[in-house]
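Engineer: Generate the whole structure from the sequences, applying the supplied hints.
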Amino acid sequence: MMSIAAKDLSVRRNGATLLDGLSLSLGPIGSIAVIGPNGAGKSTLLKVLTGIDKPTAGSVHVGDRDLASLSNAQRANTIGYLPQYFEPHWDLSVAELVRLGADRSDRLAAGAIEAATEKFELMHLARRRWSTLSGGERARVLLAAVLVVDPPVLLADEPAASLDIRHRLDVIRALTLRRPDRLSVVVVHDLDLAFTFFERVVVIDRGKVVADGPAKSLIDDRRIDEAFSVRFDRLKTPDGWLLRASTGP
Amino acid sequence: MRVWLLLILALLLSIVIGAAAGHDWMSPADLVRALAGDTDLRSRLLIDWRLPRVLAAACVGALLGLGGTVFQGVFRNPLAEPYLLGSAGGAALGATVALLVPLAAPQSFVLPVLAFAGAWGATMLVIGISRVAGAVDAAGMLLAGVAVAAVLGALRSFLMLALSDETVSLQIVLSWVLGGVQTPTWPILGLLAAISIACLVLTLLLAGRLDVLGLGETMAIAFGLNVNRFIAFAVLAGSVVVAAAVAFGGLVAFVGLASPHIARWLVGPLHRPLLPASALVGAIVVTLADAIARSAVPPAEIPLGLVTAVAGGPFFILLLARRLRT
Chain C
1205 MMSIAAKDLS
1215 VRRNGATLLD
1225 GLSLSLGPIG
1235 SIAVIGPNGA
1245 GKSTLLKVLT
1255 GIDKPTAGSV
1265 HVGDRDLASL
1275 SNAQRANTIG
1285 YLPQYFEPHW
1295 DLSVAELVRL
1305 GADRSDRLAA
1315 GAIEAATEKF
1325 ELMHLARRRW
1335 STLSGGERAR
1345 VLLAAVLVVD
1355 PPVLLADEPA
1365 ASLDIRHRLD
1375 VIRALTLRRP
1385 DRLSVVVVHD
1395 LDLAFTFFER
1405 VVVIDRGKVV
1415 ADGPAKSLID
1425 DRRIDEAFSV
1435 RFDRLKTPDG
1445 WLLRASTGP
Chain Z
20 MRVWLLLILA
30 LLLSIVIGAA
40 AGHDWMSPAD
50 LVRALAGDTD
60 LRSRLLIDWR
70 LPRVLAAACV
80 GALLGLGGTV
90 FQGVFRNPLA
100 EPYLLGSAGG
110 AALGATVALL
120 VPLAAPQSFV
130 LPVLAFAGAW
140 GATMLVIGIS
150 RVAGAVDAAG
160 MLLAGVAVAA
170 VLGALRSFLM
180 LALSDETVSL
190 QIVLSWVLGG
200 VQTPTWPILG
210 LLAAISIACL
220 VLTLLLAGRL
230 DVLGLGETMA
240 IAFGLNVNRF
250 IAFAVLAGSV
260 VVAAAVAFGG
270 LVAFVGLASP
280 HIARWLVGPL
290 HRPLLPASAL
300 VGAIVVTLAD
310 AIARSAVPPA
320 EIPLGLVTAV
330 AGGPFFILLL
340 ARRLRT
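Each protein sequence line maps, in turn, to chains C and Z. Each position in the first sequence, counted from 1, maps to that position plus 1204 in this note's numbering. Each position in the second sequence, counted from 1, maps to that position plus 19 in this note's numbering.
These are calculated hints, taken from the structure and not from any lab test. Idealized CB from N, CA, C, for every residue including glycine. Not one of these hints is a red herring.
Residues of chain C placed beyond 12 Å of chain Z at every Cβ, according to the derived structure:
1. M1205
2. S1235
3. G1267
4. R1404
5. E1430
6. L1446
7. S1450
Label pairs and their computed distance ranges (CB to CB):
8. D1385(C) - A154(Z): 40 to 46 Å
9. A29(Z) - N1218(C): 50 to 56 Å
10. F252(Z) - K1323(C): 33 to 39 Å
11. E1291(C) - G227(Z): 16 to 22 Å
12. F252(Z) - E1291(C): 20 to 26 Å
13. D1368(C) - R248(Z): 37 to 43 Å
14. R1217(C) - A212(Z): 47 to 53 Å
15. V220(Z) - K1420(C): 57 to 63 Å
16. N1276(C) - L174(Z): 36 to 42 Å
17. K1323(C) - A154(Z): 38 to 44 Å
18. R1269(C) - F252(Z): 25 to 31 Å
19. N1276(C) - P121(Z): 50 to 56 Å
Stretches of chain C that chain Z covers, calculated by requiring three or more beta carbons in the stretch to come under 8 Å of a beta carbon on chain Z:
20. 1251-1262
21. 1283-1292
22. 1303-1314
Structural biologist: Structure representation (structure tokens):
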């Protein structure tokens, strides 16, 4: 179990404010969806929480420690990061990519590579090279490479956005259905998925948290409509929510 | 396993061909006789001249293969080559000074040292500039490298015009710049071999992190790599390797570019097998190119760099075409 918290985070670049004094406490367990319009700062937030980008001001705490005080190895073992877009420069095989993910851990559980390979149904693909894989297969390889060390905190930047709906559901399930003592924070573009599969939803707009709460109660919050500049009709379905947007008056 | 056996056999074969080739062709039987301790003129020629030169060519090729692999790994660009970051320009400047300025120490010592210092200095300059400019990433270093290389090239041309006279011929400088392995004494060859092995070990230490960097900078940081520090360190290590190659072989074009590609076809893109495979490919290519350089138009010798450039140019175009099509 490991919580992750942002305090007064600001990121300014080339005169643009990407995060504007954002504070947010996440975890230590559960599944959290981060939603918001384009340019709200979702990707920037995830990159700063992972330690990929440095904040202009503010701090990130992992557990009771400052993220900046962790060694690179500690950081890589504690926080798993799934990028929005991933394209390796060399045409590695599936087995090699999963192995590179596993190599970042110095105390990998025995059989972890085999377990991840099996969990994401990659056994028959082990020797295939990246360039020959379909979009869905690539997503599974990336999941296996990031989750093979089973990090306490997982930050995912909508890695399934470009996949067809079935594969998108598979990825969202893999991200939300982890061990119960793990934390998953996922940037989600599809609001129905956010309110159906996640326990908590955080709404971000213009670099700030504008709404935050359990998915069940937040669904009726009008601040979602404001953030996206639309009017949502909320339709309850037997197994989740359907949000239909309209821009009219 | 079979690939490695084939590579080593190919290297041995090219060394035999290299020893046989020249103004005066020898047979493998001559080589066996010379190695057995025969002391006639042909055997002494082989042992004292041909063989050291051929083995030096193999070492220079191996160094170029290693350097090219490191630079392509760091810049994650299959068209990157070791001479990109001004190290060649620096080495050439150092060698020009050694050839044109009368110095107290013997030239056979001064030239490699100054070439090495030039390559090292140019690379440090590139890293320094990109640091001051606040862009210690791959793109920033590439741009700084191109700029530094241009300035160093102009400086070298100026020195050549200003310092050469009847006693120091421009042709000597030119032939060095065009690339060519000098025939070393056996102790110098031993030194070169030791440097080559040290460079192989040094670059193998980078192998795992080069693989991680190949996932892209974002993923590399997420996987715990200090990307900027590693890039600066790897560039420095790559420059040491290139400087050693340039100090002993002049500017030999395209080998550092082509060897990693050929090696990638043979052993795949992971750097731990790729580095030694690329070294072997580079050694084979330069040994054969040097054999051609010595034997194509006897009694004259074609500069080695011209041979590799003529062979490598079409290879580069082929590569570019394949890349643009994908």
